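Letter by letter, the chains look like this.
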Amino acid sequence: MAFQVNREGDVVVIDVDGQLIVGNRQELKQTILDQVESGERKFLVDFTHTGYIDSSGLGVLVSLSKKIREQGGELRLSTLNEDLRTLFELTKLDTLFRIADSREEGLKGF
Amino acid sequence: MDRELVFELPNDLQCIEEAVEFVVGRCATCEETGRKLRFNFRVSFTEALANAMIYGNGRDPSKRVRVEVALRGSALKARVIDQGHGFDRATVPDPTAPENIECPGGRGIFLMRKLMDEVYFNERGNAVTLILRLPETEPIRREASA
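Just so you know, the protein sequences line up as chains V and C, in that order.
Going by the numbering used here, 55 is the number at position 55 of the first sequence; the sequence numbering is gapless.
Going by the numbering used here, 80 is the number at position 80 of the second sequence; the sequence numbering is gapless.
Just chain V, same shape as in the assembly:
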């Protein structure tokens, strides 16, 4: 499991490789909070290489999104497979996040 952090213009892009679950959610949270602390405000979390997410992983995305919005920024999500989309739909979190079909689409108009 790893989080790859890259930059696309003024957007910080985080790739989630593997699972985003209770055992590693704090690592993602700290990675993004460190970026917020250093002044970053635009974030795209890409799930191209993600297996599954549990409720803790969803929870950390919710809390990060709220924190970033409070700082005047935005957290977007991209490239969720059908299983992951199902999770967001079941929990109605698809109403809370802007979810792009691809990384490129997610970066548009940021």
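Bear in mind the hints are in silico, worked out from the structure with no lab data behind them.
Model, not experiment: these values are computed from the prediction.
Some hints here could point you the wrong way.
Said to hold, decoys possible - Calculated pairs, DMTMM-like style, for lysine to aspartate or glutamate (alpha carbon to alpha carbon, straight line, at most 25 Å):
| # | chain 1 | residue 1 | chain 2 | residue 2 |
| --- | --- | --- | --- | --- |
| 1 | C | Lys36 | V | Asp101 |
| 2 | V | Lys42 | C | Glu18 |
| 3 | C | Lys114 | V | Glu89 |
Here the structure of chain V is known, so what remains is to put chain C in place on it, guided by the hints.
Only chain C this time, still in chain V's reference frame:
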């Protein structure tokens, strides 16, 4: 082929991913690995183990979590038992309600109920049983099932 697995885990969240993959791997050798096993079971079993460790055992590293898995025909049954005092399920709010949508927690039991065919707790509330019926010939490729 029927199969049973019984094991205990230390109360350590870092053990969850490996335990989930172990069970999925053992069950996948007996039945067609489909979406329900790969996704529904993985997420739900992760939730059950996390709830047991965090809420049931209160993150106490001296406690353990017992797991009993039985695959009989196409029915997969997993029971997760913690050493806690249980909880009142009536107090768990709906995480999809507008007032709860931005809460970071509270989606675990909801997801288990949505993703598994059956979920039930013992009276004390320290053991949850997950039941998933795996289609006998569920295709692995999603587009093949469309």
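Each hint tested on the structure:
no. : hint               : result
1   : Lys36/C / Asp101/V : holds (23 Å)
2   : Lys42/V / Glu18/C  : violated (33 Å)
3   : Lys114/C / Glu89/V : holds (11 Å)
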